[in-house]
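Novice: Spelled out from the first residue to the last, the chains are:
Protein chains: 2
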Amino acid sequence: MIGVDLGGTKIMAGVVAPDNRILGRGKRNTPAKEGGPAILKTMLECIDEALAEAGVARGDVVAAGIGSPGPLDVDAGVILFSANLSVKNYPIGPELSAALGVPVRLQNDVRVGGYGEFMLGAGRGYTDLITAFVGTGIGGCLILNGRIVAGSTNNAGEIGHVVVKAGGPRCGCGSKGCMEAFASKTAMANRLVKAAKKRDCPLGEKILRKGRLKSGDLAQAVRDKDEVAVREVERAAFYLGVGLGGLVNVFGPQVVVIGGGVTQALGQPYLDMVADSARQQIITDPDKTIKFVQATLGDDAGVLGASLFAREMMAQG
Amino acid sequence: MIGVDLGGTKIMAGVVAPDNRILGRGKRNTPAKEGGPAILKTMLECIDEALAEAGVARGDVVAAGIGSPGPLDVDAGVILFSANLSVKNYPIGPELSAALGVPVRLQNDVRVGGYGEFMLGAGRGYTDLITAFVGTGIGGCLILNGRIVAGSTNNAGEIGHVVVKAGGPRCGCGSKGCMEAFASKTAMANRLVKAAKKRDCPLGEKILRKGRLKSGDLAQAVRDKDEVAVREVERAAFYLGVGLGGLVNVFGPQVVVIGGGVTQALGQPYLDMVADSARQQIITDPDKTIKFVQATLGDDAGVLGASLFAREMMAQG
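Listed in order, the protein sequences are those of chains A and B.
If you want my numbering, it's the position in the first sequence, counting the first as 1, plus 31.
If you want my numbering, it's the position in the second sequence, counting the first as 1, plus 31.
Each hint should be verified, as a subset may be incorrect.
You can't tell identical chains apart in this list, so a pair holds if it fits in one copy or across any two.
[Claimed, not checked] Heads up, simulated DMTMM-like pairs for lysine to aspartate or glutamate below, C-alpha to C-alpha not over 25 angstroms straight-line:
1) K245 / D104
2) K241 / E343
3) K322 / D104
4) K319 / D106
5) K319 / D104
6) K119 / D318
7) K229 / E65
8) K207 / D318
9) K119 / D316
10) K225 / D106
11) K207 / E265
12) K245 / E258
13) K319 / D255
14) K207 / D316
15) K72 / D255
16) K245 / E84
By construction, these hints were calculated from the structure, which means they are not laboratory data.
Only a predicted model underlies this, so the values are computations on that prediction, with no experimental measurement involved.
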């Protein structure tokens, strides 16, 4: 089974065995400004690299899954629109299917990652989960009774766009005060750059030099006790917890799985801050049975989740 | 089938036919300060009144359902605690069962009302719903794939306690800025009373005289163009919409059903304000297919919902 994680920065492909081991991997930078056909070409190079490492021939591949940013037409395998990929109405599913000669399943990247964590990672053994991925934005995937909640418009899970402070900072979605506008890497970077103009903030200056905030630099600044960065992380964790706590009151999951680049870099201290903030809000769990845990699959969540979707497509015939 | 709606102010009972018509009704004030046995006695009077009106004998009753404030131990039929009812660990289910000689099903009042609207009211024909009841507090019931989302601690649905403005007004739950702290009747009453001390607010003065805010008085004040009351209702509707809009982004229901005393009294203009505010927040419904509708069962939602729970208990054996 092939799993592909199509991101705005990187494309990763994996050859995944029936026991969910990754036998071979391929990785390329995403040609994000060149459109659909260039993405397809690079994706095939990734896949061939993964197949070579695994010692598997193209002809032995049974099916492939792709996790992609959206919005998508999942049934048709079409990326309807993606600003990060410079793509509009591109049938990546059918195109990859034609190139490989096998069925291909396209699915939302966050859902693929959440499903991976549910089946193989930190959510294993539970049936009701909220997964939250904190990176450039904040995405989520809700699983109830062991199934992804897709929603009536197939767009459910947009946890980044619950308002935690009405009238708060403007969000990319057009609204104000969304969780994403406080707790995403983008939100933190914007505030750190502003702070660097007023006071000593080595991290803010680094963002200005590099043009972006890397999660690793954020974690390093916290270790270096960059005061502004430390406070910014605390603030982001607080608002993430406020939003997640409210969602726990509504959905009552067994576990909240928190992943994404920011979480991976900042680790347990960050997770503890998020959980503390959330628990202040939770009124439905007097015995504190609901767990907050870190995602465990890391960068493999996408590849593994995509391969699971491909396998389930084949099982359903 | 008997359905009982046990509220902090009133107890209502109904004899419900297999076609869900209410054949007879009983209604009494709740002896809310006298404890469990007094409540049971009054409940039986209500039931006998309903049976008399329906021309049905006690011996012909098959089962009964009770919708009650909680927290509850649903399986044991016990009200664990209710400040409004002055009750602690009272086995209302087994007690009513012994008195009537039939099985009794106890269930959370908000869930009973939400299930009633889902099966027989505004939510009929849908499978994925958020129901919100706006009264003294704000309760909710989530239905996914035609089933109530109970949550891992059986307390899911506490939509009143999602934060819409972190750091906002103190909520009864101990947190700050919950939807309930902005949009419940209690929240409105508190602000109206404060306002009446500073400027002309006939409604605020009426609340001071009566000691409480009745939904009917709120609606009358809006009709009378009491400016402070009008603005207060707009504010409450705005924050309710902010919270519901965020939940729609996460859950993706087909319909949001809004009920409760406040909604019943204020009607469509209020519903439109809530829906407008919510839609500003919703990013998952570009074609505006998700509906916001008013609950249709009114005061009968509890009695009908409770009778449905009783019937399903019997069907499951």
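Novice: It remains to establish, for every hint, whether it holds in the given structure.
Specialist: Structure-based check of each hint:
1. For a Cα distance limit of 25 angstroms, the shortest separation of K245 from D104 qualifies neither inside one copy, at 31 angstroms, nor across copies, at 49 angstroms.
2. Neither within a single protomer nor between protomers do K241 and E343 lie at most 25 angstroms apart by alpha-carbon distance, with minima of 42 angstroms and 62 angstroms respectively.
3. Proximity of K322 and D104 under a CA criterion of 25 angstroms is satisfied inter-copy only: 22 angstroms between copies versus 34 angstroms inside one chain copy.
4. When the C-alpha separation of K319 and D106 is checked against a cutoff of 25 angstroms, the pair qualifies only between copies, where the shortest distance is 21 angstroms, while the shortest distance within a copy is 40 angstroms.
5. Only between protomers do K319 and D104 lie at most 25 angstroms apart by alpha-carbon distance; the minimum there is 17 angstroms, versus 39 angstroms within a single protomer.
6. Taking the shortest alpha-carbon separations for K119 and D318, only the inter-copy value of 18 angstroms comes in at or below 25 angstroms, while the best intra-copy value is 48 angstroms.
7. For the identical chains of this complex, K229 and E65 are neighbours neither inside a copy (39 angstroms) nor across copies (63 angstroms), given an alpha-carbon limit of 25 angstroms.
8. When the C-alpha separation of K207 and D318 is checked against a cutoff of 25 angstroms, the pair qualifies only between copies, where the shortest distance is 21 angstroms, while the shortest distance within a copy is 34 angstroms.
9. When the C-alpha separation of K119 and D316 is checked against a cutoff of 25 angstroms, the pair qualifies only between copies, where the shortest distance is 19 angstroms, while the shortest distance within a copy is 44 angstroms.
10. Taking the shortest Cα distances, K225 and D106 never come within 25 angstroms of each other, neither inside one copy (43 angstroms) nor across copies (56 angstroms).
11. Taking CA atoms no more than 25 angstroms apart as the test, K207 paired with E265 passes in both settings, with 20 angstroms inside one copy and 18 angstroms between copies.
12. In this homomeric assembly, K245 and E258 come within 25 angstroms of each other (Cα to Cα) only inside a single copy, at 18 angstroms, whereas the closest approach across copies is 51 angstroms.
13. Taking CA atoms no more than 25 angstroms apart as the test, K319 paired with D255 passes in neither setting, with 33 angstroms inside one copy and 48 angstroms between copies.
14. Within a single copy, K207 and D316 get their C-alpha atoms only as close as 29 angstroms, which misses the 25 angstroms cut-off; across copies the closest is 18 angstroms, which meets it.
15. Proximity of K72 to D255 under the C-alpha cut-off of 25 angstroms is found in neither arrangement, the shortest distances being 42 angstroms within a copy and 68 angstroms between copies.
16. Taking the shortest Cα distances, K245 and E84 never come within 25 angstroms of each other, neither inside one copy (29 angstroms) nor across copies (72 angstroms).
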